[in-house]
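S.K.: Sequence lines, in order, name chains A and B. Numbering follows UniProt numbering, with no gaps: position 187 of the first sequence is 187. Numbering follows UniProt numbering, with no gaps: position 269 of the second sequence is 269.
Think of the hints as simulated: they come from the structure by calculation, not from any bench. Among the hints, a few may not be true.
Unchecked claim - The following residues of chain A were derived to be distant from chain B, with all beta-carbon distances above 10 Å:
| # | residue |
| --- | --- |
| 1 | F2 |
| 2 | S17 |
| 3 | A27 |
| 4 | L343 |
Stated by the list, open to error - Ranges between beta-carbon positions, derived for each pair:
| # | chain 1 | residue 1 | chain 2 | residue 2 | range |
| --- | --- | --- | --- | --- | --- |
| 5 | B | D166 | A | G31 | 40 to 50 Å |
| 6 | A | I214 | B | D181 | 53 to 63 Å |
| 7 | B | E107 | A | E269 | 40 to 50 Å |
| 8 | A | D209 | B | P165 | 18 to 28 Å |
| 9 | A | A64 | B | E105 | 44 to 54 Å |
| 10 | A | Q226 | B | E107 | 14 to 24 Å |
| 11 | A | P211 | B | N150 | 43 to 53 Å |
| 12 | B | T142 | A | D305 | 33 to 43 Å |
| 13 | B | E105 | A | E38 | 37 to 47 Å |
| 14 | B | V96 | A | D209 | 46 to 56 Å |
| 15 | B | P239 | A | E256 | 17 to 27 Å |
| 16 | A | I214 | B | D166 | 16 to 26 Å |
As the list claims (entries may be wrong) - Residues from chain A that keep clear of chain B, each with C-beta distances beyond 10 Å, as calculated:
| # | residue |
| --- | --- |
| 17 | K10 |
| 18 | Y42 |
| 19 | K50 |
| 20 | L55 |
| 21 | I214 |
| 22 | G221 |
| 23 | I243 |
| 24 | N332 |
| 25 | D345 |
In this text the structure is predicted, and so the values were computed from the model without any measurement. Beta carbons: idealized from backbone N, C-alpha and C, even for Gly.
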Amino acid sequence: MFTGFFYKLKEARIPVSLREYLTLLEAVEKGLANYAVEDFYYLARAALVKDERHLDRFDQVFGAHFKGVIDLTDGMDEVAEADIPEEWLRKLAEKFLTDEEKAEIEALGGWEKLMETLKQRLEEQKGRHQGGNKWIGTAGTSPFGAYGYNPEGVQIGQDKSRHRRAVKVWDKREFKNLDDSVEIGTRNIKVALRRLRKWARTGAADELDLPGTISSTARQGWLDVQMRPERHNAVKVLMLFDIGGSMDDHIKVCEELFSAVKTEFKHLEYYYFHNCPYEGLWKDNARRRTDQVSTWDVIRTYGADYKLVIVGDATMSPYEITYPGGSVEHWNQEAGAVWMQRLLDHFEHAAWINPQAENWWQYHGSIQIMHKLMEGRMYPLTLEGLDRMTGALNR
Amino acid sequence: MKFQGTENYVATEDLMVAVNAAITLQRPLLVKGEPGTGKTVLAEEIAKSLGKKLITWSIKSTTRAQQGLYEYDAVSRLRDSQLGDERVHDIANYIVKGKLWEAFEDESAPVLLIDEIDKADIEFPNDLLQELDRMEFFVYETQETIKATNRPIVIITSNNEKELPDAFLRRCFFHYIRFPDAETMAEIVAVHFPDIQKRLVSEALNLFYDMRDVGGLKKKPSTSELLDWLKLLMAEDLPPEALRAKDAKTAVPPLHGALLKNEQDVHLFERLAFMARREGR
């Protein structure tokens, strides 16, 4: 019934299972959705999403998938999406563009092509929520907006007012900022050691199991001493350090911090990368060119029970994350984001420590992108940030 | 049987859908949200509005799943056997019923609140999977199966301190209580203090949302803190003007102790007040 929707949720990496899908169908069958779109939205959300981190993604998928349906039910007299703006634009262009500029448009593939790209980009722009700064709006770089017509005129974002309705609940995307953090404050890092130690020592030492002994003695009728097996440090950590850049000092602090508590962890492994993890990582910075380890090997070597901690300032050109070949050091076949995603898909518990002050994050496109990739699990290199990090990793 | 909020509890539409889905399909409802947004109160209000009994099982870090089902009090039995008590021959005398048993046994299908499930050990939810799914469990000592005749309505709250296992989540409905917008908040205040002055409320709400917008607060004030604060303001009988004075001389609102629970936050506010005063001069 909603199979397409279900698969789209899966594609968006929202962990939905068949069981939840069946629950939703069962609820719909019992008449809980009441045939109103909004009720159905609430119901689907309650049945399919189990973590507030995924609510925003769910809203986006829901909006994209049921767009046609809602348009049909809400406004039968609506005109097809792109008709008006295209006509309108064409007229505008004829009025204002010089012949040279028209030729330039032809070179881009003509109007149809241009409009198609524009529409495509609009869709894309609507579909992603931040870091869309390479799309329409950055005047001068894209063909749109360069010819003097305001993107507003192309009815960007106007389909809401055309419906003469309030914004749809899921279009509001109220859960967008749910996992964004606000607190800051750089304080002495030394106290952090204690916190990290506390984190490493999860679980008590071995001891006499007193309640167990009493209960067992009472059952058996003779003294039956029960010992609880020694619980040892179970935390395994894989660390990736961003090396070779302006933030080296901070990253060194972090490195020392973690190696100081190294003995406390069951396993602590580390690798280096530059700016963004790509297909290769290395252990020795002096031999970074020769002794690279394939990231795939790293993923395969360390199990999903390892907690991944990435330390880096994430300050770079956004292209270094989003485009193949974006790396400043070598030609990378696949974009950094792809590799990040692979790491995150494998290591369920992951966090990024960013030595940049937290209130600066919003001004860097690349930090925003990374923050989004990490699903908000980026923490400042402060006591409190470390606290939040260990809290998140322990969950 | 439909939940529509009560005169003491303002339920948003999405919350109602989630609650009703959980009631109709007889699945547990997992409720998350900022502390103080009324997660625990929700269960009480559901019980009240449906006219059902509420059974609360508060979870602590030491709580084990077995305690919710039953406990075998072997020590009492050993003592009784020493004293030659007749009761010792029947093991059923030493089975102490837990909250789940109590809820399953109740014919009226009560509301069972499992409060703050994230406090317990990480395996805790897994240990309750079958019990909550089938609403039955087996008592090993007496070889009997306890099965719910009428399935209770199960509400589970979590403060997000630990991630819950997937298998557990799949069996629940989920609702995240979002922080209420100004409109809903005004409704909530009206429900709690019907005779409060309108102007005082709007001043207080403005101040409250301003405070939530201040970056760097360790703990943002939440609904329950707002209600406490209003109660204090009413008890002190402060005029609305006292609140409006915030821009001129003091940024720290009167009786801020009800809103700010952390001395660092209070310091932050005092610093802001100091800066505001300096600029004003």
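S.K.: Determine for every hint whether it applies to the structure shown.
M.R.: Hint-by-hint comparison with the structure:
1. F2: 15 Å, holds
2. S17: With a cut-off of 10 Å, A/S17 comes too close to chain B, as the shortest Cβ separation is near 5 Å.
3. A27: About 5 Å separates A/A27 from the closest Cβ of chain B, which leaves it inside 10 Å; violated.
4. L343: 19 Å, holds
5. B/D166 to A/G31: 40 to 50 Å: Roughly 29 Å apart at Cβ, these two residues miss the hinted range, so it is violated.
6. A/I214 to B/D181: 53 to 63 Å: 54 Å, holds
7. B/E107 to A/E269: 40 to 50 Å: 57 Å, violated
8. A/D209 to B/P165: 18 to 28 Å: 25 Å, holds
9. A/A64 to B/E105: 44 to 54 Å: 48 Å, holds
10. A/Q226 to B/E107: 14 to 24 Å: 40 Å, violated
11. A/P211 to B/N150: 43 to 53 Å: 34 Å, violated
12. B/T142 to A/D305: 33 to 43 Å: Since B/T142 and A/D305 have Cβ atoms about 39 Å apart, the given range 33 to 43 Å holds.
13. B/E105 to A/E38: 37 to 47 Å: 39 Å Cβ-Cβ, so the 37 to 47 Å window holds.
14. B/V96 to A/D209: 46 to 56 Å: 20 Å, violated
15. B/P239 to A/E256: 17 to 27 Å: 57 Å, violated
16. A/I214 to B/D166: 16 to 26 Å: With Cβ atoms ~36 Å apart, the hint is violated.
17. K10: The assertion about A/K10 holds, with a minimum of 14 Å to chain B.
18. Y42: With a cut-off of 10 Å, A/Y42 comes too close to chain B, as the shortest Cβ separation is near 4 Å.
19. K50: 4 Å, violated
20. L55: 6 Å, violated
21. I214: Given that some Cβ of chain B is not farther than 10 Å from that of A/I214, nearest at about 6 Å, it is violated.
22. G221: 8 Å, violated
23. I243: Given a closest Cβ separation of 31 Å, the condition holds.
24. N332: Holds: least Cβ distance 32 Å, greater than 10 Å.
25. D345: 15 Å, holds
The structure is inconsistent with the numbered hints 2, 3, 5, 7, 10, 11, 14, 15, 16, 18, 19, 20, 21 and 22, although it conforms to all the rest.
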